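Based on these hints, arrange chain B on the given structure of chain A.
Listed below, chain by chain, are the residues.
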Amino acid sequence: MIAFRPAGVALALATALACAAPEVPPELPEPASALRPEPMRGAVPEDARIADYELVARLDAEEHTIEGSARVTWRNTTSRTVTTLPFHLYMNGFRAEDTAWMRSSQGRHRESAVEEEGTWGFIDVSSVKWIEAGAESSGPVVIEDPVERPGTVAESSVALEWREDEDPSTMTVTLPAAIGPGETATVGIEFLTQLPKVVARTGYFEDFHAAGQWYPKIGVLEEEAGWQAHTFTYYDEFYADFGNYRVTLDVPEGTVVGASGVRIAEEVAGGRQRLTYAAEMVHDFAWFADPDFVEHDGEHDGIRIRQLIQPEHTGDADEHLAAQVAALDSYQARFGPYPWSTITIVHPPEGAEGAGGMEYPTLFTTDDRLQIPDWVRATLFDERVSGIGTTIHEFGHQYFQGLFAVREHLEPWLDEGMDSFSNYMAAEDQLGEDAWVTRLFDRKLYLHDFMRLGLRRRAFWEVIDRPAAAFDGVLGNYGSTIYSKTAAAMSTLRNLAGAGDFDRALATFSEQARFRHPRGDDLEATLIEELGERVNLAEPGSDPIYLDVREYLDQALRTNRQVSFAVLAVDNRRRMGAAGWRRDTGGRLAGGEPPANLDAMIEDLPDAEVEGVVAVRRAGGFVVPVEVRIEFAGGDVEIRVWDACEPAAVFTFPGRRVDLATLDPDGKLLLEWQRLDNSAFASDLLWEGDGISRPLGDLAEGLSLAILGSLGP
Amino acid sequence: MTGFAPRLLAGALTRVARAPGLVAVVVVLHLLLAGTVGSATRAAIGASMEPYALADNSQLWFAVLELLGTSPGLLVPIQHLIAGSAAIALAFWTLLAAGILQRLRAPAALPTLAAATVRGLPGVLAVTFWHLIPRVLLLAAAGALTAALLGAGAWGLAGIGVTAVVFAFCTCALDLARCDVVLHGARRFHPVTAWRGFLHAARRPPVLIRSMLLSLGQWACAGAILLAVVAGLHGGPAIWLARALAILGIVLGLTRQAVAVEAGPYRR
Chain A
1 MIAFRPAGVA LALATALACA APEVPPELPE PASALRPEPM RGAVPEDARI ADYELVARLD
61 AEEHTIEGSA RVTWRNTTSR TVTTLPFHLY MNGFRAEDTA WMRSSQGRHR ESAVEEEGTW
121 GFIDVSSVKW IEAGAESSGP VVIEDPVERP GTVAESSVAL EWREDEDPST MTVTLPAAIG
181 PGETATVGIE FLTQLPKVVA RTGYFEDFHA AGQWYPKIGV LEEEAGWQAH TFTYYDEFYA
241 DFGNYRVTLD VPEGTVVGAS GVRIAEEVAG GRQRLTYAAE MVHDFAWFAD PDFVEHDGEH
301 DGIRIRQLIQ PEHTGDADEH LAAQVAALDS YQARFGPYPW STITIVHPPE GAEGAGGMEY
361 PTLFTTDDRL QIPDWVRATL FDERVSGIGT TIHEFGHQYF QGLFAVREHL EPWLDEGMDS
421 FSNYMAAEDQ LGEDAWVTRL FDRKLYLHDF MRLGLRRRAF WEVIDRPAAA FDGVLGNYGS
481 TIYSKTAAAM STLRNLAGAG DFDRALATFS EQARFRHPRG DDLEATLIEE LGERVNLAEP
541 GSDPIYLDVR EYLDQALRTN RQVSFAVLAV DNRRRMGAAG WRRDTGGRLA GGEPPANLDA
601 MIEDLPDAEV EGVVAVRRAG GFVVPVEVRI EFAGGDVEIR VWDACEPAAV FTFPGRRVDL
661 ATLDPDGKLL LEWQRLDNSA FASDLLWEGD GISRPLGDLA EGLSLAILGS LGP
Chain B
1 MTGFAPRLLA GALTRVARAP GLVAVVVVLH LLLAGTVGSA TRAAIGASME PYALADNSQL
61 WFAVLELLGT SPGLLVPIQH LIAGSAAIAL AFWTLLAAGI LQRLRAPAAL PTLAAATVRG
121 LPGVLAVTFW HLIPRVLLLA AAGALTAALL GAGAWGLAGI GVTAVVFAFC TCALDLARCD
181 VVLHGARRFH PVTAWRGFLH AARRPPVLIR SMLLSLGQWA CAGAILLAVV AGLHGGPAIW
241 LARALAILGI VLGLTRQAVA VEAGPYRR
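Those sequence lines, one after another, are chains A and B. With my numbering, the residue at position 245 of the first sequence is 245, and numbering never jumps. With my numbering, the residue at position 181 of the second sequence is 181, and numbering never jumps.
The hints are simulated quantities; they were obtained by calculation from the structure and are not laboratory data. A quick note: this is a predicted structure, and the numbers were derived from the prediction, not measured. Where is the CB? At the ideal position from N, CA and C, for every residue including glycine. Please note: incorrect hints may appear among the correct ones.
Unchecked claim - Which chain B residues stay away from chain A? Per the calculated CB distances, all over 12 Å, these:
1. Arg7
2. Ala10
3. Trp93
4. Arg105
5. Pro111
6. Ala115
7. Val118
Said to hold, decoys possible - Okay, the calculated bits of chain A under chain B, using three or more residues with CB under 8 Å as the criterion:
8. 433 to 444
9. 449 to 460
10. 679 to 685
11. 690 to 697
Bound-form chain A, shown alone:
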């Protein structure tokens, strides 16, 4: 999910300029299956399928309520025995001011707020019943008959004791009998969900309905830690097991619906539509409904790409599609095949922006492009961020969380951070060297610039590797720490260790993480194993200078040390010669010549009597080797790698005059967000200027001339 806008840090791939008159392509048929054929998607581990859902929901579009029932079949794949089942009731986070979500968010999320009358959201469970228990079945869960009305729970089932927990965003169901290893339990739940006005990825706005986290979701039973069902707070997202879903939605006729999975049945009667969806090996199910949606279909690599877009933005659909296709190619090449047969991209209407930029399995919401006239984009200013950046970011979540189902609430960096990092790689794949994201005339800001701009000082107030709930909204540093700093940390490591080795390591991790709940430790261990404990950064033939990968990751993820370097001094001085008194072979003082050229100006001395000096400093606490580029008079260039173990170093160059010294000349250290002090001319070349004050002074003068010229005489 995107927690903050532009700076946030999203990026874009599409290169086309604004489109001409929109042309809606023909609607494509629903894919035959929710998963792609096995040769295309790869194997799906059967033991990953733990929680199956059969859901029936009826939308009251006037009251914005969903009357629903759920039949949840859960398999115990651990060695534990359980007597309770925890369920998430996320929607209850918006129920009252005293919920953990409301307290931690102050009732606000992005531009949306839960503060208007009638905007509370909740999920009211009316009954929980025991349906059956049994031995583990390896075959598919048989969903006998999508029920005719809300209520899938058989009359013969047994009512269970259940209660909301201290915070109503979870509830605990007490089972009549223990469920042991390998056994399954099936419970039925009836509930009424009241959608809030759009806030925090869900809700309604006029006729638009975003049904995210709308049903009771069972927790995750972990082998070591037991049940995991976290209290829902401001920065938390979601954590659940994979399973198959069969969902029947009953909505007003004429409503256009987008949902996770594929539509397998459709029936219209009595002014209502009953739409049945199947989603396989996913860990959530969301749906969106709006009578104004215009459907825009595309296809790539056998995957149906369906956009539900607002009529006034249909002209942007091709750009979103192009971005999606490019991202799909990049992610499949880097992280393995996309396993599902469909992708649905939802464009919320104006006024429902709080529902934009959110990911659900096989479906995500995006933002709209900035409406900049074509001629402006072609000549003066263009950008590749708005809208399509969100599309790429949210698609990335189909991998980093959708397929690699990380514990988002405990390790948000592994979700949002790694997704942001993968977005940069996808953009690099698409755009190559010229990966600019904004352009003013021919002046460009590149992806790496955006990554650095997302950092700022606040990114270093707290460490990356901490639970989402540990961040406090008042600091406003969640986005810069989790999204930007993680991306910058991984990019820096990739730059230092080599893109090829790093990408192979990430591919190895991805292979192991598919349909699993990978942890940060897994990623770190894979990186260390594939890159090696130490990577030599020195030029061949030079003394080795090692990057300790484990220590690097530890500093990047679990300390708030900053990467910061500065040039302290660049100078040329008289080289000390051999003049003076010294002992001869007999032990007597001999010589005593006066020092040569003591009063001569440096520029008048021959090169042999001069030495260049460069002093550099590690201004931040983060220890990482850095390159120092030295330009000498005459144009020679030398690169030194400094291990930066000590806080400062002085390099001398006898017989050579130094013109300019630059730290990290290729910008490999993306974690270093302050770079203005990375370059300095020798003191005798200060007349060269600082490179900024003159052009900016000219700009200010020009601006003033233009304003004066417009105003008078």
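Below, chain B alone, put in the same frame as chain A:
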């Protein structure tokens, strides 16, 4: 009328050409004001950068964003300098309007011009104030009409064009109203004097067209100045091109006022 039209512009240009002192004063004032802004900006940024340098000019935008991010205070005096110079210029052209119009009408000694400036100031201020009301209304109406016809989302270039044309029309009306007050003895404080400028402009298409074209030329110069300095950030002589364009803009502006002088008084 056909014979009048070419004479109108030629006459206006002649009036400007015969007032080299006025042109010089205006040019020097313009360049001094803008130069002060530029040099103050260079000094402030130079002091912040000391002793560092941007080695790679292609990184300029990022460096600028970093500089402003780490030293946000830098932007404040620069903004104030630009706004201040604009305010000074606006005040200056309003206060001196009577003197400029007098000088464009006929050569006069400096004390005479000074006296005319002081004498004409209340009328210029009053006519400017009354003029602003229809100007704002006309601009708002034009903006709303364009948005309604084209749709708010497609406002863009057409909207800018319509606004510029309406603005130029208003400027012509103001020039004519000021001339009526300063040169032709119209009632100084009566709002009708200011509003009659619009009628005057509308009834004299040759005057209006030339005035509007000259206004548009001024703004084209302003736009070209911005393009030159932004496109010229690599270095090079862009700032000199900008200064030359500013001088051209000043000549166009004075010629526009001379067109109003040339037009003569409002007649029923």
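Hint check:
{"no.": "1", "hint": "Arg7", "verdict": "holds (23 Å)"}
{"no.": "2", "hint": "Ala10", "verdict": "holds (20 Å)"}
{"no.": "3", "hint": "Trp93", "verdict": "violated (3 Å)"}
{"no.": "4", "hint": "Arg105", "verdict": "holds (15 Å)"}
{"no.": "5", "hint": "Pro111", "verdict": "holds (22 Å)"}
{"no.": "6", "hint": "Ala115", "verdict": "holds (20 Å)"}
{"no.": "7", "hint": "Val118", "verdict": "holds (18 Å)"}
{"no.": "8", "hint": "433 to 444", "verdict": "holds (count 5)"}
{"no.": "9", "hint": "449 to 460", "verdict": "holds (count 4)"}
{"no.": "10", "hint": "679 to 685", "verdict": "holds (count 4)"}
{"no.": "11", "hint": "690 to 697", "verdict": "holds (count 8)"}
Going down the numbered hints, you'll see the structure goes against just number 3.
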